[in-house]
Amino acid sequence: MSAEFVLFWVFAIATAMSALGVIVTKNPIASAMSLVATFFFLAGIYVLLWAHTVAVLQVMVYAGAIMVLFLFVIMLLSLGEDTSMTKFSPTRIIGGVATAGLLAALVLAFRKLPEASTGWAASVDQLKAFGTLSQLGDVLYKQWLFPFEAVSLLLLVAIVGAVVVAKPRI
Amino acid sequence: MPSFSIQDFMPIFPAAILAVGAMALLLSEAFLVSVPHASASRGYQAVIGVITAAFAGTVAFHNAFEDPRVVLQGFAVLDPFSSFVTVVVAVTVGLAVLLSAGFLKHRNAERGEFYALMLFAAAGMSLLALSAEFITLFVNLEVLSVATYALTAYLRRGTRPAEAGFKYFILGAFSGALLLYGAALLYGATGTTKLAGMAEVLRAASSGDKAWLVYCGMVLVATGFAFKVAAVPFHMWTPDVYEGAPTPVTALMSAGVKAAAFVALIRVFVALAPGLGPQVPFVLFGGLALLTMVAGNLMALPQRNVKRMLAYSSVAHAGYVLLGVTALFAPAAGTEGHGMGVLSASPLLGQVPASAHADIYKAILFYLLGYAVTTIGSFGVLAALERREDETRGTTWDLDRFAGLAHSKPGWAIAMAACMLSLGGIPPTVGFMGKLLVFRAAVDAGLLGLAIVGVLTSAAAAYYYLRVVVYMFMRNAAEGAAVPERHWQTDVALAVATAGVILLGILPGPVTAWLTQATMLALR
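Note that the protein sequences, when read in sequence, are chains A and B.
Throughout the first sequence, residue numbering follows my numbering, covering 1 to 170 in sequence.
Throughout the second sequence, residue numbering follows my numbering, covering 171 to 694 in sequence.
These are calculated hints, taken from the structure and not from any lab test.
Don't take every hint at face value.
Using C-beta positions, here's what the derived DEER-type ranges look like [claimed, not checked]:
1) A:Gly95 with B:Gly378: 43 to 49 Å
2) B:Ala665 with A:Gly64: 25 to 31 Å
3) B:Tyr214 with A:Ser152: 35 to 41 Å
4) B:Met193 with A:Leu127: 55 to 61 Å
5) A:Gln126 with B:Met193: 53 to 59 Å
6) A:Ile29 with B:Pro172: 45 to 51 Å
7) B:Lys337 with A:Ala158: 17 to 23 Å
If you want the footprint, here are the derived chain B segments under chain A, 3+ residues with CB under 8 Å [claimed, not checked]:
8) 240-248
9) 292-299
10) 303-314
Everything numeric in this text was worked out from a predicted model, so none of it was measured.
We put the CB at the ideal spot given by N, CA and C, even for glycine.
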């Protein structure tokens, strides 16, 4: 049993457990923190898949930026404790049916997947060279240098424009 | 490992200069301004803006003598065609900055960000004109669009500017998405986003089973551009946005944005049309030109609001440029499309369009230059006449405002009269020369029907342009009419624009001679 295999099960079980924590805890803050944990464990799985870039973005963007936004919203709304989970309302029933339908669709789709690899990555080396940070840097700075720099100009203009428009009336 | 030489970066120098100037203005706002809410300490900002624009224009002028070539790994081109438009953009933004100086000072709203956004928009226009790859083109289009969205909503007094900014943002984002979707379909059909590579495989792709991808992609890309140049039926946003934006910004939009978008459109379609056969772009642009020339002028006729009238006139002028674009794709005379229909090439003159291409490019570029100078002048007079107290009233731009202007402000009246004559295509102005070149190019390409429609509509347009002149010179001002304020920056900008309108109309020789050089495209 290789180390990768052990790590995969550790991350997989931890991801599933913390994802469960998101929906079963009653306190919204605890729920949000479970979501952060889910993102971190998921990032571990991405690393095992040689998708380093996705792993880093997962931690920085989701666990970092978006979760802070979530927490701000939860704190600003200051939800009460009394949201009961047992009542049946029409929206809940519709939601439940939709969830079951989605699950069924996903299971069906999963059963349709081909047994063997689809062959988009011919070799392990090619797979390893696909999602790493060095590969991303190669694409951005060697092959797409000019559009990449143009995007940085676009972001600067967008920031300045947003500040100008958000200012109090001039 | 790609290697770049300094030669590779030459085409983006003007845009880089504009961006650096914009950043200097942003920083000056943070470090040099002592009184946060007064315009008094900001007189130097317009000067920085004008110097930056002049510097960028000079570098672009220098670039225009380079041989056309593809640079930066195929993402950009260095050719006289794009350099010429960068010169036009630099002139436009320089004059717009001068106009803004007086306009903003009068409203106590002068800020470094405003000029910075204008320069960023100009950088985007310059970069758009030289993009030779779809992702680069889209990003640069967004640079210029985002800057103009923010400028539109810069002065939020009354309800109109907010409406204009929001409408422009939503429709601009929508049209950008259409263009991007079209580019994605073309990528799906050809497997590359670079225009040069796409042109190589497009013929195979457009005849195989991916033909629908190609045609849908081309139509979507054309639609995205048609929004940006305000061609009918994609012009709906134009009057509201042009009316709601601060007047100097409107001048920049109608002159600069349009010129840059036209150049990008021409570059994309000239590069890709050989893979499609010219029929598709011909019918597409011929239809757009016909609709735009007719509808734009008809909608401008009843307008008493001069700013709205100029907005519709800008739509109509897009139609004349589209007439030139159509001429580029006119089918060779004698091959197909005989007859005298409005949308067909007649074999009367028997000239093969391929040899006339240089004249067509020349006509389009000269028209864009002439329209830029004229529109800056006319919106400039409008900006000078506006008063801060009018902002909440609805009559700010009514024709009555111009009554008796010849007596109270003869200089402005002469400037406005020159610009109106030029917009109407009456000699001795640049508008006449531009129309002459475009119509001649269209007739040479065999587009007799479209050229006749163009001449007739521009004759009808003389009515609403000359009406302004009549009001200025033959009506008396109402009693107690508001007296506009003067600022030396506005006067300088108006003098330069008027001199351009008249001098280019009398002596177009040096510019057209230089334009013979500027008709070289790197990709065709």
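Hints and how they fare:
For Gly95 (chain A) paired with Gly378 (chain B), a C-beta distance near 46 Å keeps the hint of 43 to 49 Å intact. Hint check: Ala665 (chain B) to Gly64 (chain A), Cβ distance near 55 Å, so the stated range 25 to 31 Å is violated. Look at Tyr214 (chain B) against Ser152 (chain A): about 28 Å separates their beta carbons, and that is not inside 35 to 41 Å. For Met193 (chain B) and Leu127 (chain A), the Cβ-Cβ distance of about 42 Å falls outside the hinted range of 55 to 61 Å, so the restraint is violated.
A beta carbon spacing of about 42 Å between Gln126 (chain A) and Met193 (chain B) contradicts the range 53 to 59 Å that was offered as a hint. Between Ile29 (chain A) and Pro172 (chain B) the beta carbons are some 49 Å apart, a value that agrees with the proposed interval 45 to 51 Å. Our hint of 17 to 23 Å for Lys337 (chain B) and Ala158 (chain A) holds, since their Cβ atoms are close to 19 Å apart. Counting residues of the stretch 240-248 of chain B whose CB lies closer than 8 Å to any CB of chain A gives 4, so the stated coverage by that chain holds, three being the minimum.
Only residues whose C-beta sits within less than 8 Å of a C-beta in chain A count toward coverage, and the stretch 292-299 of chain B has 3 of them, enough to reach three; the restraint holds. Here's how the stretch 303-314 of chain B fares: 7 of its residues keep a CB closer than 8 Å to some CB of chain A, so the rule of at least three is met and the hint holds.
Checked against the numbered hints listed earlier, the structure breaks hints 2, 3, 4 and 5; every other hint is satisfied.
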